[in-house]
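Visitor: Taking the hints into account, I'd like the entire structure generated from these sequences.
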Amino acid sequence: FDEGNTFAKKGAGVDMTPGGLALKTAGGYLRYSANGISAGAAYQSSTLPAGTKVDAWTLGGSYRTGALYLMAGYGQNKVKDALPGITGGGMLDAGLLNAYWSGSSNGGFIAGTSPANFANKREMFKVGFGYQVTPQLNAGLHYYHAKQSGSSSGAFNGKADFIVAVADYAFSKRTDAYFAVDHTKTKGGAGVVLDGTNGATKRTGITIGLRHRF
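In terms of my numbering, the sequence shown opens at residue 14 and continues consecutively.
Since the hints were made in silico from the structure, they are not lab data. Computed from a predicted structure; not experimentally measured. Errors might be hidden in some of the hints.
[What the hints assert, rightly or not] For lysine to any residue, the following SDA-like pairs were computed, each having C-alpha atoms within a straight-line distance of at most 25 Å:
{"hint": "1", "residue 1": "K186", "residue 2": "A152"}
{"hint": "2", "residue 1": "K91", "residue 2": "Y113"}
{"hint": "3", "residue 1": "K91", "residue 2": "A152"}
[As the list claims (entries may be wrong)] Pair ranges (Cβ atoms, derived):
{"hint": "4", "residue 1": "F192", "residue 2": "A39", "range": "39 to 49 Å"}
{"hint": "5", "residue 1": "A129", "residue 2": "R224", "range": "42 to 52 Å"}
{"hint": "6", "residue 1": "H155", "residue 2": "W70", "range": "33 to 43 Å"}
{"hint": "7", "residue 1": "I176", "residue 2": "Y76", "range": "16 to 26 Å"}
Beta carbons: idealized from backbone N, C-alpha and C, even for Gly.
Guide: What follows is the structure, given as structure tokens:
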């Protein structure tokens, strides 16, 4: 972390590249695994370039017995204080939060469009299972539920549901084929959409592939 590379020191000229070290983070994790049971928890505290503090934590576990694999988990991101105003670098921190929160692994929708209407909390629950149908065929089903809150206007408060089904067939130790279907649906404020251009709130995807490990 470069203490000189913050919005307070450099204004809009703050270096946001990975080497710029404009973010300050600290965290840790614990993990346990024995007799088919695995569990873990992690925590991270971040300070964004304009001073916004964000806490993130997650916990989860899994159980494997024979051909069956079960898992569940929970994660939360919380903005601890209000985003700075536009002149104080709020848009800079807001842009970073949107980049983090709009990723497919975090829900696929943004947190807001300005410091004044940003949501300040994102939660995600997940459950799933996998089953080794035959030595070659593995199948799985996973469900995720995301909830976003804290938007003062309500436009970016909402929920999202995701479901993914996958089947994988191994032709050998190095070559396999896979087929997956996923469906996403959002609901809530006007800003809780999957595509800001057309306002889409539902999306279904199909993936087919062949993989070879060299």
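Visitor: Evaluate each hint against the coordinates.
Guide: Tested hints:
| no. | hint | result |
| --- | --- | --- |
| 1 | K186 to A152 | 17 Å, holds |
| 2 | K91 to Y113 | 12 Å, holds |
| 3 | K91 to A152 | 34 Å, violated |
| 4 | F192 to A39: 39 to 49 Å | 41 Å, holds |
| 5 | A129 to R224: 42 to 52 Å | 46 Å, holds |
| 6 | H155 to W70: 33 to 43 Å | 21 Å, violated |
| 7 | I176 to Y76: 16 to 26 Å | 21 Å, holds |
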